[in-house]
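Protein chains in written order, with the numbering used here: chain A, 1 to 186; chain B, 1 to 186.
If you are wondering where the hints come from, they were derived from the structure by calculation, not from laboratory data.
Just to be clear, a hint being listed does not mean it is correct.
Pairwise CB distance ranges (calculated) [unchecked claim]:
#1 Thr-92(B) x Gly-146(A): 33 to 43 Å
#2 Ala-116(B) x Lys-147(A): 51 to 61 Å
#3 Arg-119(B) x Thr-92(A): 32 to 42 Å
#4 Gln-43(A) x Tyr-185(B): 30 to 40 Å
#5 Lys-91(A) x Arg-119(B): 50 to 60 Å
#6 Pro-184(A) x Ala-179(B): 15 to 25 Å
#7 Pro-97(A) x Met-29(B): 32 to 42 Å
#8 Gly-117(B) x Asp-64(A): 52 to 62 Å
#9 Ala-88(B) x Lys-125(A): 40 to 50 Å
#10 Gly-113(A) x Lys-91(B): 48 to 58 Å
#11 Gly-113(A) x Ala-88(B): 46 to 56 Å
#12 Pro-97(A) x Pro-171(B): 16 to 26 Å
#13 Pro-97(A) x Lys-147(B): 43 to 53 Å
Residues from chain A that face chain B, not an exhaustive set, calculated with beta carbons under 7 Å [stated by the list, open to error]:
#14 Gly-10
#15 Leu-14
#16 Thr-24
#17 Pro-97
#18 Tyr-183
#19 Arg-186
Below 35 Å or equal to it, Euclidean Cα-Cα: the simulated DSBU-like pairs (lysine-lysine) are [to be verified]:
#20 Lys-176(A) x Lys-125(B)
#21 Lys-147(B) x Lys-125(B)
#22 Lys-125(B) x Lys-176(B)
#23 Lys-27(B) x Lys-125(A)
#24 Lys-125(A) x Lys-147(A)
#25 Lys-147(B) x Lys-27(B)
#26 Lys-147(A) x Lys-118(A)
#27 Lys-91(B) x Lys-125(B)
#28 Lys-91(A) x Lys-91(B)
#29 Lys-118(A) x Lys-27(A)
#30 Lys-91(A) x Lys-118(A)
#31 Lys-147(B) x Lys-176(B)
#32 Lys-27(B) x Lys-91(B)
#33 Lys-125(A) x Lys-91(B)
#34 Lys-176(B) x Lys-27(B)
#35 Lys-176(A) x Lys-27(A)
#36 Lys-147(B) x Lys-176(A)
#37 Lys-118(A) x Lys-176(A)
#38 Lys-118(A) x Lys-176(B)
#39 Lys-91(A) x Lys-125(A)
#40 Lys-176(A) x Lys-125(A)
Please read these numbers as outputs of a predicted model, since none were measured by experiment.
Yeah, the Cβ is synthetic: ideal placement off N, Cα and C, and Gly gets one too.
2 protein chains.
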Amino acid sequence: MQAALIIFEGMTSLDFIGFYDPVTRLKTMGFRPDFQWRFCALQPRISDDRGLGLIPDYVAAPLDGFDLLFIPGGFATRSLQHNQEMLAWLKTAAPVPLKTSVCTGALLLGAAGFLAGKRATTHPKALQELVPYCRVVPGVRVVDDGKVITAGGVAASLDLGLYVVERLAGPEARAKIAAQMDYPYR
Amino acid sequence: MQAALIIFEGMTSLDFIGFYDPVTRLKTMGFRPDFQWRFCALQPRISDDRGLGLIPDYVAAPLDGFDLLFIPGGFATRSLQHNQEMLAWLKTAAPVPLKTSVCTGALLLGAAGFLAGKRATTHPKALQELVPYCRVVPGVRVVDDGKVITAGGVAASLDLGLYVVERLAGPEARAKIAAQMDYPYR
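Same shape as in the complex, but just chain A:
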């Protein structure tokens, strides 16, 4: 089980880390010892939307061999959804069987063609921007359309991560990981 965790210049780090924390506990807490992940980007170093520098370990390489794709959001998605280099790279993930996003990461899933005919959501203030790509579902934190799972804004990343944990390892794993995260909400 190999996860491609996408990071990009101008992303919102909480979108990313809120998902990364619970899903990587699948391995560190022993529920899915086979769970592995790479930090994937087009550049060898990126900065988030508030200046934090992050270092990917899988740079500008094809995404077709992964089992899970995750894309965070951030204001930069508004231009990246029209960036041909970014879209060509994301499209290499077409064979990935499970694709996920938080917040406006859904715009990138949509621009890459992965939301056609699907139900999906995004940040509550960005719902209209997602309309060209799919059937938009407002008012819920996580929308599961089988091969594509999308979440609401920023902090919904934690809920998406725990949702994916449950799908991959069951409700007991979810409960124990949420307890270790000290996250009582759902």
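Given chain A, put chain B in place with the hints provided.
Quick look at chain B alone, frame taken from chain A:
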């Protein structure tokens, strides 16, 4: 208003990012245009507890000129609380008027001497480890002892960040930032 945001080898990134996101919105959303932050570390590059590389912009320099100190947690705190280089560095923050931590970051606040006579909390499973340093408060997500504010485990970082937002900019700022974060809990 200058915040020293500490990062260290082996930290838990969600402890850090869950605080960093709401407090930096004080500036990006215009509530406190004077709010600034540095990513402070002892090394020029650090890796979190699951392999993500982060780049500080304030390295091995004194912390005495800041207005706010923030320390995240992670398993590495168990050894760092006895690391003399780390403690000597953290002690340079003694004059900082507001000191904060999430999760086992409280062990570092304690080891640096900043919790003497204070009420504080940490991860629910680490409460006993904090006993040598202070009066431990279990069962609440944020403990405010005036000049020191501590929070529970990992995801309590979001609650601490929003608590500090309210203290620095009032309840309306908190409500608007929480809405922009799509975080309905408190």
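Do the hints match the structure? See the list:
Evaluation of the 33 to 43 Å hint for Thr-92(B) and Gly-146(A) yields a failure: the beta carbon distance comes to about 54 Å. A hinted range of 51 to 61 Å for the beta carbons of Ala-116(B) and Lys-147(A) is consistent with their spacing of about 55 Å. The hinted range of 32 to 42 Å is not satisfied by Arg-119(B) and Thr-92(A), whose Cβ atoms lie roughly 53 Å apart. Checking the proposed 30 to 40 Å range against Gln-43(A) and Tyr-185(B) shows it holds: the Cβ atoms sit about 35 Å from each other.
At about 54 Å, the beta-carbon gap between Lys-91(A) and Arg-119(B) stays in the expected band of 50 to 60 Å. Range check, Pro-184(A) to Ala-179(B): Cβ separation about 20 Å, and the 15 to 25 Å hint holds. Between Pro-97(A) and Met-29(B) the CB atoms are about 38 Å apart, so this pair conforms to the stated range of 32 to 42 Å. In this structure, Gly-117(B) and Asp-64(A) meet the distance hint of 52 to 62 Å, their C-beta atoms being roughly 59 Å apart.
Roughly 46 Å separates the CB atoms of Ala-88(B) and Lys-125(A), a value that falls within the hinted 40 to 50 Å. The supplied range of 48 to 58 Å is met by Gly-113(A) and Lys-91(B), whose beta-carbon atoms lie about 55 Å from each other. Checked against the hint of 46 to 56 Å, the pair Gly-113(A) and Ala-88(B) passes, with Cβ atoms roughly 55 Å apart. Roughly 45 Å separates the CB atoms of Pro-97(A) and Pro-171(B), a value that falls outside the hinted 16 to 26 Å.
Look at Pro-97(A) against Lys-147(B): about 52 Å separates their beta carbons, and that is inside 43 to 53 Å. Below 7 Å, beta-carbon pairs count as interface contacts, and Gly-10(A) has none with chain B, the closest being about 12 Å; its hint is therefore violated. Hint status for Leu-14(A) relative to chain B: holds, with the closest Cβ pair at about 4 Å, below 7 Å. The restraint placing Thr-24(A) at the interface with chain B holds, with a minimum CB-CB distance near 5 Å, inside the 7 Å limit.
Taken as an interface hint, Pro-97(A) does not check out: its beta carbon lies about 23 Å from the nearest beta carbon of chain B, beyond 7 Å. Hint on Tyr-183(A) holds. Least Cβ distance to chain B is approximately 4 Å, under the 7 Å limit. Evaluation of the Arg-186(A) hint against chain B yields a violated restraint, the C-beta minimum of about 10 Å exceeding 7 Å. With a C-alpha separation of about 13 Å, the suggested pairing of Lys-176(A) with Lys-125(B) holds against the 35 Å cut-off.
Proximity of Lys-147(B) to Lys-125(B) is assessed by CA-CA distance (about 25 Å); at most 35 Å being required, the pair is judged to hold. Only pairs whose Cα atoms come within 35 Å are accepted, and Lys-125(B) paired with Lys-176(B) is accepted, the gap being roughly 32 Å. With a C-alpha separation of about 20 Å, the suggested pair Lys-27(B) and Lys-125(A) falls inside the 35 Å cut-off, and the hint holds. For the suggested pair Lys-125(A) and Lys-147(A), the alpha carbons sit about 25 Å apart, so the restraint of at most 35 Å is met.
Restraint check for Lys-147(B) and Lys-27(B): the C-alpha separation of about 22 Å stays at or below 35 Å, so the hint holds. Proximity of Lys-147(A) to Lys-118(A) is assessed by CA-CA distance (about 9 Å); at most 35 Å being required, the pair is judged to hold. Taken as a hint, the Lys-91(B) and Lys-125(B) pair is honoured in the structure, with Cα atoms around 26 Å apart against an allowance of 35 Å. With a C-alpha separation of about 50 Å, the suggested pair Lys-91(A) and Lys-91(B) falls outside the 35 Å cut-off, and the hint is violated.
This hinted pair checks out: Lys-118(A) and Lys-27(A) have alpha carbons roughly 30 Å apart, not beyond 35 Å. Only pairs whose Cα atoms come within 35 Å are accepted, and Lys-91(A) paired with Lys-118(A) is accepted, the gap being roughly 17 Å. With a C-alpha separation of about 25 Å, the suggested pairing of Lys-147(B) with Lys-176(B) holds against the 35 Å cut-off. Between Lys-27(B) and Lys-91(B) the CA atoms are separated by roughly 28 Å; this keeps the pair inside 35 Å, and the hint holds.
Taking the CA atoms of Lys-125(A) and Lys-91(B), the gap is near 43 Å; set against the 35 Å cutoff, the hint is violated. For the hint pairing Lys-176(B) with Lys-27(B), the CA-to-CA distance comes to about 13 Å; that is within 35 Å, so the pair holds. With a CA separation close to 13 Å, the supplied pair Lys-176(A) and Lys-27(A) stays within the 35 Å bound. Under the criterion of a C-alpha separation no larger than 35 Å, the hint pairing Lys-147(B) with Lys-176(A) is consistent with the structure, at around 33 Å.
Restraint check for Lys-118(A) and Lys-176(A): the C-alpha separation of about 31 Å stays at or below 35 Å, so the hint holds. At most 35 Å may separate the alpha-carbon atoms for a hinted pair to count; Lys-118(A) and Lys-176(B) meet this at roughly 31 Å. Restraint check: the Cα-Cα separation between Lys-91(A) and Lys-125(A) comes to about 26 Å, which is no more than 35 Å; the hinted pair holds. Restraint check for Lys-176(A) and Lys-125(A): the C-alpha separation of about 32 Å stays at or below 35 Å, so the hint holds.
Of the numbered hints stated above, those contradicted by the structure are hints 1, 3, 12, 14, 17, 19, 28, 33, listed in ascending order.
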